[in-house]
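In order, the protein sequences belong to chains A and B.
Quick note, the first sequence lines up with residues 1 to 419 if you use our numbering.
Quick note, the second sequence lines up with residues 420 to 654 if you use our numbering.
By construction, these hints were calculated from the structure, which means they are not laboratory data.
A quick note: this is a predicted structure, and the numbers were derived from the prediction, not measured.
Certain hints may be false.
Sample of chain A residues at the chain B side, in silico, Cβ under 10 angstroms [as the list claims (entries may be wrong)]:
(1) 8
(2) 11
(3) 75
(4) 76
(5) 415
To spell it out: a stretch of chain B is covered by chain A in this simulated footprint if at least three of its residues, at any positions, have a beta carbon under 8 angstroms from a beta carbon of chain A; those stretches are [said to hold, decoys possible]:
(6) 603-611
(7) 616-625
With a straight-line Cα cutoff of 20 angstroms, these simulated EDC-like cross-link-like pairs (lysine to aspartate or glutamate) come out [stated by the list, open to error]:
(8) 10(A) - 527(B)
(9) 618(B) - 527(B)
(10) 237(A) - 212(A)
(11) 566(B) - 548(B)
(12) 10(A) - 570(B)
(13) 180(A) - 142(A)
From the three backbone atoms N, C-alpha and C, an ideal C-beta is built for every residue, glycine too.
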Amino acid sequence: MRAILTLAVKSAWARRLTLGVTLCAIALASALLFAVERVRHDARQSFTQAVSGVDLVVGARSGSVQLMLYAVFRAGSATHNIRWESFEAIATHPAVDWAVPLVLGDSHRGFAVLGTTPDYFRHFRYSDQRALGFAAGQAFADVFETVLGSAVAAELRLEVGDRITLTHGMAEAGPGHDDKPFTVVGILAPTGTPVDRSVHVNLESISAIHLDWVAGAPLPGLAIPAEFVKKFDLQPKEITAFLVGLKNRADVFRLQRHINGYRGEPLMAVMPGVALDELWQTLGMIEQTLLAMSALVVVIGLAGLLATMLASLNERRRELAILRALGASPRELFLLLTAEGLLVTTLGVAFGLGLLAVGTFFFAPLLQAHFGIILQWRLFAPNEWLLLAAILATGLVASLIPGWRAWRMSLADGLTPRN
Amino acid sequence: MFLDGRMTALSIVNLVYRWPRQQAVCLDIPRFDIAAGEHVFLHGPSGGGKSTLLGLLGGVAVPERGSIELLGSDITRLSGHSRDRFRADHIGFIFQQFNLLPWLSALDNVLLPCTFSARRLTRAGTAREAATRLLTHLDLAADAWHKPAGELSVGQQQRVAAARALIGRPEILIADEPTSALDAPRQQIFIDLLLAEAKAEGAALLFVSHDERLAAHFDRKIALCDINRAGTIEP
Ligand SMILES: Nc1ncnc2c1ncn2[C@@H]1O[C@H](COP(=O)(O)OP(=O)(O)O)[C@@H](O)[C@H]1O
Ligand SMILES: [Mg+2]
Chain A
1 MRAILTLAVK SAWARRLTLG VTLCAIALAS ALLFAVERVR HDARQSFTQA
51 VSGVDLVVGA RSGSVQLMLY AVFRAGSATH NIRWESFEAI ATHPAVDWAV
101 PLVLGDSHRG FAVLGTTPDY FRHFRYSDQR ALGFAAGQAF ADVFETVLGS
151 AVAAELRLEV GDRITLTHGM AEAGPGHDDK PFTVVGILAP TGTPVDRSVH
201 VNLESISAIH LDWVAGAPLP GLAIPAEFVK KFDLQPKEIT AFLVGLKNRA
251 DVFRLQRHIN GYRGEPLMAV MPGVALDELW QTLGMIEQTL LAMSALVVVI
301 GLAGLLATML ASLNERRREL AILRALGASP RELFLLLTAE GLLVTTLGVA
351 FGLGLLAVGT FFFAPLLQAH FGIILQWRLF APNEWLLLAA ILATGLVASL
401 IPGWRAWRMS LADGLTPRN
Chain B
420 MFLDGRMTAL SIVNLVYRWP RQQAVCLDIP RFDIAAGEHV FLHGPSGGGK
470 STLLGLLGGV AVPERGSIEL LGSDITRLSG HSRDRFRADH IGFIFQQFNL
520 LPWLSALDNV LLPCTFSARR LTRAGTAREA ATRLLTHLDL AADAWHKPAG
570 ELSVGQQQRV AAARALIGRP EILIADEPTS ALDAPRQQIF IDLLLAEAKA
620 EGAALLFVSH DERLAAHFDR KIALCDINRA GTIEP
């Protein structure tokens, strides 16, 4: 038995070129399948957990999905801003309990900067009505103070008291606001939502760093030092979006109609739950199709293994007879072929998982930036164990077939194969 | 059990064999014995059933009737697994061609029986030494030992195959037309080397060939048709 397994490894090594190609196919296929499953799982997680306790999200009129993406998931950007007067008009509507303005557009080393008010930390809810908590420090109270999401602090190794500078736009190498550094005054507890990857500052700070800017570029020859910004009116004239909480949830449709018909400018209000469902329905279809397709790719990879092994079996008929003469039983020859197939499958899947790890490392930031999906670094989830078992089981079936053929062949051939 | 006062290596009584799904009986051998250490040359035309007989002796096929006693045990009464073990422990095979696993070195091919049979590993002593000694005796140059077997010439391959059959001193050697792939001058050289080693190890040898001219140095020469009644009945 041990002799046979050792031979299985050696014989596989002898045919490493053909088997290597098959192995690569299996590796790529399983990496694809795991990636799709992981993105699917994490997307669902990201979308369902990202926001709760907010009755309406309001922005310039566009698509509801687009509004959700930039306002909640920090993905993409708004085509238009909304005027501060519009915000005030709706914030003071009698049905409104609270309203929190949001300004987006700057970044710090690839992390989105969110300009808002301290109320954000009080009213924002995620997951199951959970409030934001501080792991260190407290909310900002003044200009040039910032509160970091947990992932920002962890990845950039920042602590309360550190100073950071912001960049205009989302590109890491965009034009800078280096002349006006911010002090970290608080770090939020982890939430598993886009909040973790946001840098929070107050609205006045956003106005302050753009005082000497016009149309997205610094004004040449004009530089207003940080000490002097308070002499200016820092009330923002425009914001990107705002979140609304109602006194009575029953008013939600009435207020939504009111906002959508607002005369001052074209606005749109969406209910996060409804918009997320809509988003999910679009994605759910794609997601199912992708999953089915990548499962098919894995099956094709394993079919390649089967084909390679069956083709090699004819050349190896002689080898099987030699092993038989040396005392190998038909059962052991069955084992030889099956072990070889399983070895290739297992190595293939292992390489695939390696590829997945590397891929996650490189693509997670892209997924976050463009789709708001947060890929979690974690060990295998239960459904992934299931997937792994399914791949290995299919590989086993694919390997049993050449094994069975070898068994039949050795019984028919005895010691002298007739070709 | 005994033949001319010597213990028998092989003793066949009333053996009948028919290939599956075939009408005609292929072998019908009332009696055939080989003494321990005896070197027998068995000849007959192609398709006469020589290889079939060797398969029965190796225990990869089971006769319809009759007994095959090897070294005192009737292998027709053993289970398939025990027959495989018996073959690994007591029989060394050499075939016409392609005897070796082409992706193993010559030396590793010779050592294979020791990985399949603990008995042969023990009897070989230091297996590597035994292998190199056999290869030396069989005239295989040392620079060929570590080459992949697939790269050796046919003549070299047959000598490696002989060394593999001999390692661990099995009591029975079975050679099925081992010289057919060699050119005429090398045939006799190979046979002499094989006979000398078989003698040195004290193994019985059943050498099968369709070519009667090679029988010169054997203890005994037999035609299959003399012991096989099935062949004579055919029209
Ligand atoms: N694997 C097999 N299946 C069915 N019939 C076989 C098989 N091998 C050999 N035979 C038949 O047995 C007969 C004897 O063949 P074989 O033992 O190979 O003869 P030899 O070795 O003397 O040339 C042949 O007629 C052949 O048709
Ligand atoms: Mg033959």
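So, going through the hints one by one against the coordinates:
A distance limit of 10 angstroms between C-beta atoms decides the matter here; for residue 8(A) the minimum to chain B is near 12 angstroms, and the interface restraint is violated. The interface hint given for residue 11(A) holds, since its Cβ lies 6 angstroms from the closest Cβ of chain B, which is under the 10 angstroms cut-off. With a cut of 10 angstroms, the hint placing residue 75(A) at the interface with chain B is violated, because the nearest CB-to-CB distance is about 54 angstroms. For residue 76(A), the suggested interface contact is broken, since its CB lies about 56 angstroms from the closest CB of chain B, more than 10 angstroms.
About 5 angstroms separates the beta-carbon of residue 415(A) from the nearest beta-carbon of chain B, less than 10 angstroms, and the hint is met. Here the segment 603-611 of chain B counts 0 residues with a CB under 8 angstroms from a CB of chain A, which misses the bar of 3, and the coverage is violated. Remark: the segment 616-625 of chain B is not confirmed as covered by chain A, as 0 of its residues place a Cβ nearer than 8 angstroms to a Cβ of that chain, below the required three. As the CA atoms of residue 10(A) and residue 527(B) are separated by approximately 11 angstroms, the hinted pair is consistent with the 20 angstroms bound.
Annotation: proposed proximity of residue 618(B) to residue 527(B) is violated, straight-line Cα distance about 24 angstroms (limit 20 angstroms). Between residue 237(A) and residue 212(A) the alpha-carbon distance is near 15 angstroms, which keeps this suggested pair within the 20 angstroms criterion. Of the supplied pair hints, the one linking residue 566(B) and residue 548(B) holds, its CA atoms being roughly 18 angstroms apart against a limit of 20 angstroms. Of the supplied pair hints, the one linking residue 10(A) and residue 570(B) holds, its CA atoms being roughly 17 angstroms apart against a limit of 20 angstroms.
The hinted pair formed by residue 180(A) and residue 142(A) meets the criterion: a straight-line CA distance of about 13 angstroms does not exceed 20 angstroms.
Going down the numbered hints, you'll see the structure goes against 1, 3, 4, 6, 7 and 9, while the others check out.
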